[in-house]
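Assemble the whole structure, with the sequences as input and the hints as a guide.
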Amino acid sequence: MPFFRRAFIGIAGATTLFIASAGFASAEALVVGSYPSNPPFEYKTADGKFEGFEVDIVNEVAKRLGMTVEISDLGFQALFAATASKRIDVAISSITITKERLGSQSFTQPYYDSDMGIATRKEAKLAAVEDLKDKVVGVLAGSTGDKWAKENKEKYGISDIKSYNAQQDLLMDLSAGRADAAVSDVPGMEYAFLKMKDLVVKVRIKTGEQYGLMMTKDHPLLGKANDALTAMKKDGTLIAIHKKWFGTDPAADSATATEQPLPKP
-5 MPFFRRAFIG
5 IAGATTLFIA
15 SAGFASAEAL
25 VVGSYPSNPP
35 FEYKTADGKF
45 EGFEVDIVNE
55 VAKRLGMTVE
65 ISDLGFQALF
75 AATASKRIDV
85 AISSITITKE
95 RLGSQSFTQP
105 YYDSDMGIAT
115 RKEAKLAAVE
125 DLKDKVVGVL
135 AGSTGDKWAK
145 ENKEKYGISD
155 IKSYNAQQDL
165 LMDLSAGRAD
175 AAVSDVPGME
185 YAFLKMKDLV
195 VKVRIKTGEQ
205 YGLMMTKDHP
215 LLGKANDALT
225 AMKKDGTLIA
235 IHKKWFGTDP
245 AADSATATEQ
255 PLPKP
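-5 is the number of the first residue of the sequence shown in my numbering; add one for each residue after it.
FYI, nobody ran anything at the bench for these hints, they're computed from the structure.
Treat the hints with care, as some may be off.
Pairs of lysine-lysine residues, derived as BS3-like cross-links and limited to a Cα-Cα distance of at most 25 Å, are as follows [stated by the list, open to error]:
1) Lys93 with Lys80
2) Lys116 with Lys189
3) Lys57 with Lys218
4) Lys238 with Lys43
5) Lys116 with Lys156
6) Lys43 with Lys189
7) Lys211 with Lys93
Okay, the calculated beta carbon distance ranges per label pair [unchecked claim]:
8) Lys43 with Gly241: 39 to 49 Å
9) Leu188 with Ser79: 30 to 40 Å
10) Gly97 with Gly171: 37 to 47 Å
11) Ala121 with Glu148: 15 to 25 Å
12) Asp109 with Lys43: 37 to 47 Å
13) Pro214 with Lys149: 36 to 46 Å
14) Arg81 with Lys116: 36 to 46 Å
15) Gly97 with Pro214: 12 to 22 Å
16) Gly171 with Lys57: 43 to 53 Å
17) Ser79 with Ala121: 42 to 52 Å
18) Lys119 with Lys80: 29 to 39 Å
19) Glu148 with Thr224: 18 to 28 Å
20) Glu148 with Asp243: 38 to 48 Å
21) Lys141 with Asp163: 40 to 50 Å
Bear in mind that the values here come from a model prediction, so they are computed numbers and not experimental data.
Glycine included, every Cβ here is placed at the ideal spot set by N, Cα and C.
See the structure below:
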């Protein structure tokens, strides 16, 4: 074979490999972990597909980064170990940004404002946090509700704290009377109570909580993901996603509608 033909084939092969590699890089996957028993933020359909408010957000962020998305089904507590060990790039599941978590994780700017609430059966006589005295309180393990209940157990005389790995199990026990109250994020509980009509949020606990995408500490894509969220707020995409899942536009001054600073430890 003539030298120039061998050289041409070599160059062509290298070019093909480069193009294939470039195509692969452009379709690189953003690996996401999700606790999928948390509607309307994330849940699984009957055919195993992930859907929800935060699923739409992370899909749109990945799209703007030129990436695909791979979502893994993980327990809520497992999300923190998965990002810390770099098993996943991003965790979604209405994860509150806290100073404590910023010590070992990174977060994008917030995209949702939330309060915690105390839920009970409708007939229960509970109208204030002080009414938790001598009550069994259920919480989702590792959540800010779990933290709040432990910090306030003595203050309010809570008799026992029952920890659950799944929100559904927590609310089922509440409905069955195996827990007197549940402390968790208001939006997720109110969405669940559209079907579980015997339960209701009786008390709101103002916390100033905000949700963001939790990422591996100092992840190289943190800045780009944060910029994508800024763009989504400015062009109305995030507002549209909010309206799709909650039926209303977010407040004009909320984290869903306005650019927020990148959280710092």
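Status of the hints after comparison with the structure:
| no. | hint | in the structure |
| --- | --- | --- |
| 1 | Lys93 with Lys80 | holds (20 Å) |
| 2 | Lys116 with Lys189 | holds (14 Å) |
| 3 | Lys57 with Lys218 | holds (12 Å) |
| 4 | Lys238 with Lys43 | holds (18 Å) |
| 5 | Lys116 with Lys156 | holds (20 Å) |
| 6 | Lys43 with Lys189 | holds (21 Å) |
| 7 | Lys211 with Lys93 | holds (13 Å) |
| 8 | Lys43 with Gly241: 39 to 49 Å | violated (22 Å) |
| 9 | Leu188 with Ser79: 30 to 40 Å | holds (36 Å) |
| 10 | Gly97 with Gly171: 37 to 47 Å | holds (39 Å) |
| 11 | Ala121 with Glu148: 15 to 25 Å | holds (21 Å) |
| 12 | Asp109 with Lys43: 37 to 47 Å | violated (30 Å) |
| 13 | Pro214 with Lys149: 36 to 46 Å | holds (43 Å) |
| 14 | Arg81 with Lys116: 36 to 46 Å | holds (41 Å) |
| 15 | Gly97 with Pro214: 12 to 22 Å | holds (19 Å) |
| 16 | Gly171 with Lys57: 43 to 53 Å | holds (46 Å) |
| 17 | Ser79 with Ala121: 42 to 52 Å | holds (44 Å) |
| 18 | Lys119 with Lys80: 29 to 39 Å | violated (49 Å) |
| 19 | Glu148 with Thr224: 18 to 28 Å | violated (42 Å) |
| 20 | Glu148 with Asp243: 38 to 48 Å | holds (42 Å) |
| 21 | Lys141 with Asp163: 40 to 50 Å | violated (19 Å) |
Checked against the numbered hints above, the structure breaks hints 8, 12, 18, 19 and 21 and satisfies the rest.
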